[in-house]
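The listed protein sequences derive, respectively, from chains A and B. Residues in the first sequence are numbered from 1027 upward in steps of one, following my numbering. Residues in the second sequence are numbered from 2 upward in steps of one, following my numbering.
Among the hints, a few may not be true.
What the hints assert, rightly or not - To spell it out: a stretch of chain B is covered by chain A in this simulated footprint if at least three of its residues, at any positions, have a beta carbon under 8 Å from a beta carbon of chain A; those stretches are: (1) 3-14; (2) 49-59.
As the list claims (entries may be wrong) - SDA-like, lysine to any residue: derived pairs with alpha carbons at most 20 Å apart: (3) 1081(A) <-> 69(B); (4) 1034(A) <-> 68(B); (5) 1084(A) <-> 76(B); (6) 1078(A) <-> 76(B); (7) 1203(A) <-> 53(B); (8) 1180(A) <-> 9(B); (9) 1203(A) <-> 10(B); (10) 1180(A) <-> 21(B); (11) 1203(A) <-> 39(B); (12) 20(B) <-> 1181(A); (13) 1053(A) <-> 72(B); (14) 1180(A) <-> 15(B); (15) 1081(A) <-> 68(B); (16) 1082(A) <-> 68(B); (17) 1084(A) <-> 72(B); (18) 1082(A) <-> 76(B); (19) 1203(A) <-> 36(B); (20) 1078(A) <-> 1095(A); (21) 1034(A) <-> 75(B); (22) 1053(A) <-> 48(B); (23) 57(B) <-> 1212(A); (24) 1180(A) <-> 23(B); (25) 1053(A) <-> 58(B); (26) 1053(A) <-> 49(B); (27) 1037(A) <-> 68(B); (28) 1078(A) <-> 66(B); (29) 1203(A) <-> 45(B); (30) 1048(A) <-> 75(B); (31) 1048(A) <-> 59(B); (32) 1180(A) <-> 19(B); (33) 1078(A) <-> 73(B); (34) 1203(A) <-> 46(B); (35) 57(B) <-> 1175(A); (36) 57(B) <-> 1159(A); (37) 57(B) <-> 1150(A); (38) 57(B) <-> 1065(A); (39) 20(B) <-> 1176(A); (40) 1078(A) <-> 69(B).
Since the hints were made in silico from the structure, they are not lab data. For each residue, glycine too, the CB sits at the ideal point set by N, CA and C.
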Amino acid sequence: MDLELVQKASKGDADAFEELVKRYQQKVYGIAYGISHDHQDALDISQEVFIKIYKKLKDFRGASSFYTWLYRITANVAIDFQRVKRKIIPVEFDEKILEEPRPEAGFPEGKKFDPRKILERKEIHGAILRAIETLPEDQRAAVVLRELENLSYKEIAKAMNCSMGTVMSRLHYARRKLREILEPLLS
Amino acid sequence: MTKCPNREDLQRFADGEMKGGRRSRIAEHIKSCELCADDIGQLQRLSELISSAIRKETESRDLAGLWEKVSVGIASPSVGATSRQSLLSLFWKPAAKVAYAALVVLVGGLFVVRPMLYSTGPRVTISRAKVYSVYQYDPDVTVSMIMATGGQSDIVWISGPGRTEEN
Ligand SMILES: [Zn+2]
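The shape of chain A in the complex, shown without the other chains (with noise of 0.2 Å):
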């Protein structure tokens, strides 16, 4: 049981630390990669958000809200370092660049993304997700927490501190844009 693991493990069980990472790593590994899209960001995201869990251990209380600590941890972690990641990119980036397809990111900024070219070479999947690095943060998270978690609108609401309303309008806004983007997958 979580509670007793984590009990344990505050208490410095590293087997029980061990095994709350490893029931929770496929969690949290997904979401940061939902929200990262590399498997490399994800797997340092992952690190520092159990690490984060570690550190805070002794501050945790109740079993009930371990999931939506986990989900505020990953998906905090995970909204920063995307951030820093974009605001800092730019500073260097040559504006010829942009014309330029990038091999790893695969939406090049400057191009217009063409469905239809995707659907030729039937890479639905690299076209949602390509779809998903349009849109900021804050919105990919709550598409993450939403879509791939199952999270209500609530529980969405308290991994990202704002309000149920402010989770339903970003994701309108991140919907209405993914529809736009992926519409001759959707129709």
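Guided by the hints, dock chain B with the ligand onto chain A, whose structure is given.
Just chain B with the ligand now, kept in the frame of chain A:
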């Protein structure tokens, strides 16, 4: 046929966030309104596509190394990610907890250190840049560090302080 609900309400309906009378009114409405039925169908299809795209990328991922990364991180006090810690500590001066940023460019093994304040200096094309990692070095200071490879050049970027928040 009743009036079409707005998109927010359709979204709440599709997400299962609507109860009672409002829910049954919309359920009744979409039986006779193709437009709204399509809209909800699209939302559901989008949900499926998003979760399957992320799951497909992550489910078969081998995360066996994560625990090791975490345990090493825990063992080193005040250092978050440690895999590239030695590189970071090369540049990080504990006294500089205030605004501190530097761009370090490694060109063919040559180190050129350039403070961020100066916007001139060697320009490096990072068209093939890949961000590797953002580190939290200290609980109060987020140090961002980016290693990127651009053709023959490697770039290491260190900046701080940032902010942290998780409560
Ligand atoms: Zn209608």
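Hint by hint, here is what the structure shows:
no., hint, result
1, 3-14, "holds (count 4)"
2, 49-59, "holds (count 10)"
3, 1081(A) <-> 69(B), "16 Å, holds"
4, 1034(A) <-> 68(B), "17 Å, holds"
5, 1084(A) <-> 76(B), "17 Å, holds"
6, 1078(A) <-> 76(B), "13 Å, holds"
7, 1203(A) <-> 53(B), "19 Å, holds"
8, 1180(A) <-> 9(B), "16 Å, holds"
9, 1203(A) <-> 10(B), "18 Å, holds"
10, 1180(A) <-> 21(B), "18 Å, holds"
11, 1203(A) <-> 39(B), "17 Å, holds"
12, 20(B) <-> 1181(A), "17 Å, holds"
13, 1053(A) <-> 72(B), "18 Å, holds"
14, 1180(A) <-> 15(B), "16 Å, holds"
15, 1081(A) <-> 68(B), "15 Å, holds"
16, 1082(A) <-> 68(B), "17 Å, holds"
17, 1084(A) <-> 72(B), "17 Å, holds"
18, 1082(A) <-> 76(B), "15 Å, holds"
19, 1203(A) <-> 36(B), "19 Å, holds"
20, 1078(A) <-> 1095(A), "11 Å, holds"
21, 1034(A) <-> 75(B), "16 Å, holds"
22, 1053(A) <-> 48(B), "18 Å, holds"
23, 57(B) <-> 1212(A), "19 Å, holds"
24, 1180(A) <-> 23(B), "19 Å, holds"
25, 1053(A) <-> 58(B), "13 Å, holds"
26, 1053(A) <-> 49(B), "18 Å, holds"
27, 1037(A) <-> 68(B), "19 Å, holds"
28, 1078(A) <-> 66(B), "18 Å, holds"
29, 1203(A) <-> 45(B), "15 Å, holds"
30, 1048(A) <-> 75(B), "15 Å, holds"
31, 1048(A) <-> 59(B), "15 Å, holds"
32, 1180(A) <-> 19(B), "13 Å, holds"
33, 1078(A) <-> 73(B), "13 Å, holds"
34, 1203(A) <-> 46(B), "15 Å, holds"
35, 57(B) <-> 1175(A), "14 Å, holds"
36, 57(B) <-> 1159(A), "17 Å, holds"
37, 57(B) <-> 1150(A), "11 Å, holds"
38, 57(B) <-> 1065(A), "13 Å, holds"
39, 20(B) <-> 1176(A), "17 Å, holds"
40, 1078(A) <-> 69(B), "15 Å, holds"
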